[in-house]
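Heads up: the protein sequence lines correspond to chains A and B, in order.
According to the working numbering, the stretch in the first sequence is residues 282 to 439, in order.
According to the working numbering, the stretch in the second sequence is residues 26 to 234, in order.
Any given hint could turn out to be false.
Computed list of lysine-lysine pairs in BS3-like fashion (alpha-carbon distance at most 25 angstroms, straight line) [stated by the list, open to error]:
hint : chain 1 : residue 1 : chain 2 : residue 2
1    : A       : Lys-286   : B       : Lys-120
2    : B       : Lys-120   : B       : Lys-91
3    : B       : Lys-120   : B       : Lys-92
4    : B       : Lys-42    : A       : Lys-300
5    : B       : Lys-42    : B       : Lys-160
6    : B       : Lys-91    : B       : Lys-143
7    : B       : Lys-143   : B       : Lys-120
8    : A       : Lys-300   : B       : Lys-160
9    : A       : Lys-343   : A       : Lys-406
10   : B       : Lys-143   : A       : Lys-286
Now the stretches of chain B that chain A is said to cover, found in silico as 3 or more residues with beta-carbon under 8 angstroms [unchecked claim]:
hint : stretch
11   : 68 to 79
12   : 168 to 176
Because the hints were derived from the structure by calculation, they are not lab data.
Beta carbons are placed, not taken as given, at the ideal position from N, Cα and C, and that holds for glycine.
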Amino acid sequence: MSAVKRIRVPNRLAAVVRKPGGKTIAEAVAGAEANLEAIRDDCVAAVDALLAAMGELTTVLKAMPTAENQTRLYELADEMIGVAPIAHMPAVGAAAFSVCELIDAFAETSAWNWEAVAVHLNGLKLLRAMGDQIDEAAREQVLDGLRAVVRRVGAAEA
Amino acid sequence: MTEPASAANQAPSTGPKPRYNLENAKVLLVEPNQHGLEILVQIFSGFGVRNPLRAANAEEAMAIVKKTELDLIVCEAQLEGTDGYDFVHWLRRCKIEPNTYAATIIICGHTQISKVQKARDCGANFIVAKPLTPKVMIDRVVWVARENRAFIECESYLGPDRRFHSIGPPPNTEGRRADDLPLEVGDAVEPNLSQDDIDQMLQPKRKSK
Chain A
282 MSAVKRIRVP NRLAAVVRKP GGKTIAEAVA GAEANLEAIR DDCVAAVDAL
332 LAAMGELTTV LKAMPTAENQ TRLYELADEM IGVAPIAHMP AVGAAAFSVC
382 ELIDAFAETS AWNWEAVAVH LNGLKLLRAM GDQIDEAARE QVLDGLRAVV
432 RRVGAAEA
Chain B
26 MTEPASAANQ APSTGPKPRY NLENAKVLLV EPNQHGLEIL VQIFSGFGVR
76 NPLRAANAEE AMAIVKKTEL DLIVCEAQLE GTDGYDFVHW LRRCKIEPNT
126 YAATIIICGH TQISKVQKAR DCGANFIVAK PLTPKVMIDR VVWVARENRA
176 FIECESYLGP DRRFHSIGPP PNTEGRRADD LPLEVGDAVE PNLSQDDIDQ
226 MLQPKRKSK
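One chain only, chain A, in its complex shape (with noise of 0.2 angstroms):
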């Protein structure tokens, strides 16, 4: 049993943080808002970019589907999923979720499945494609096809 150490430190940001002025989190929650909608357009931009470099890999992933090529996807999905919903595109993060858990899934039991990945694809164009003309119920029905696509792929491979 190895022996543990408490270390008492003085707490640097506390200190910082009670000076005079400063903002109410009501007011610095505004601060931050419309600062991202200010990029919002450069977020939808980005989605698209990304959406399309996803694309592109899928394509190779068919003839070549190398650890290194999984791993450029999980992370174009990866970045997808902090980038969309900024752009108001939650439905496109939570889909792009789901690529990185399928990917994620691929790793852990060294399956693969093309189809799987492309499923993913089109759920993603067919998001944000549709935005907010697709309603909620339906949004959530694209969604749960494609968790139950990563569960059936985690799932025959275990």
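Given the structure of chain A, go ahead and fit chain B onto it with the hints provided.
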């Protein structure tokens, strides 16, 4: 890592609302993707942070840690080369004071199954899942600013105490800390309180002027 309640929700509902001054906070944002970094910069600028420091990878972040005293580090988990978890692990053991104890928040989109344990053991104050929202982020920053957790150093871990509540050691273990109490309650070493003593303790009393 147990999720605490929202710091903002703990603020009293009446009276002046607490203010948090981040204008002079030295904040380091570590994010490899251009848009991810821009999102972080906009969030923290909105909170009032002036000119947050930026790094695209762990090596750049380490260089900043070596030369600037920091109050808060926000680091993406997925970094090229040394990842965010390994960077925080390095930070906690680098012995560069005061930065080695700096408040640190890891942000992540998706966490690979193989990295869950690494995330738990790296020594960050918090791990926040994307998508980031200003509300969640300010809650975590305020929580870290308010908390008074000791740092724990042992062979396998160096970072803030991961026990948010004093609920004793894990079941079926004796605990490793001097202040860990046994799960079994021992025999009383003093006489029990009488009913009168208990009534006296519970009886409301008028506050003296």
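Status of the hints after comparison with the structure:
1. A:Lys-286 - B:Lys-120: At roughly 15 angstroms apart (the allowed maximum being 25 angstroms), Lys-120 of chain B and Lys-286 of chain A satisfy the hint.
2. B:Lys-120 - B:Lys-91: Answer holds: Lys-120 of chain B to Lys-91 of chain B is near 10 angstroms, not above 25 angstroms.
3. B:Lys-120 - B:Lys-92: This hinted pair holds, its Cα atoms lying about 13 angstroms apart.
4. B:Lys-42 - A:Lys-300: 15 angstroms, holds
5. B:Lys-42 - B:Lys-160: Answer holds: Lys-42 of chain B to Lys-160 of chain B is near 16 angstroms, not above 25 angstroms.
6. B:Lys-91 - B:Lys-143: Distance of about 24 angstroms is within 25 angstroms: holds.
7. B:Lys-143 - B:Lys-120: With a Cα-Cα distance of about 20 angstroms, the restraint between Lys-143 of chain B and Lys-120 of chain B holds, given a limit of 25 angstroms.
8. A:Lys-300 - B:Lys-160: It holds: about 21 angstroms lies between the C-alpha atoms, which stays within 25 angstroms.
9. A:Lys-343 - A:Lys-406: 18 angstroms, holds
10. B:Lys-143 - A:Lys-286: 21 angstroms, holds
11. 68 to 79: holds (count 6)
12. 168 to 176: holds (count 7)
In this structure, every one of the numbered hints holds.
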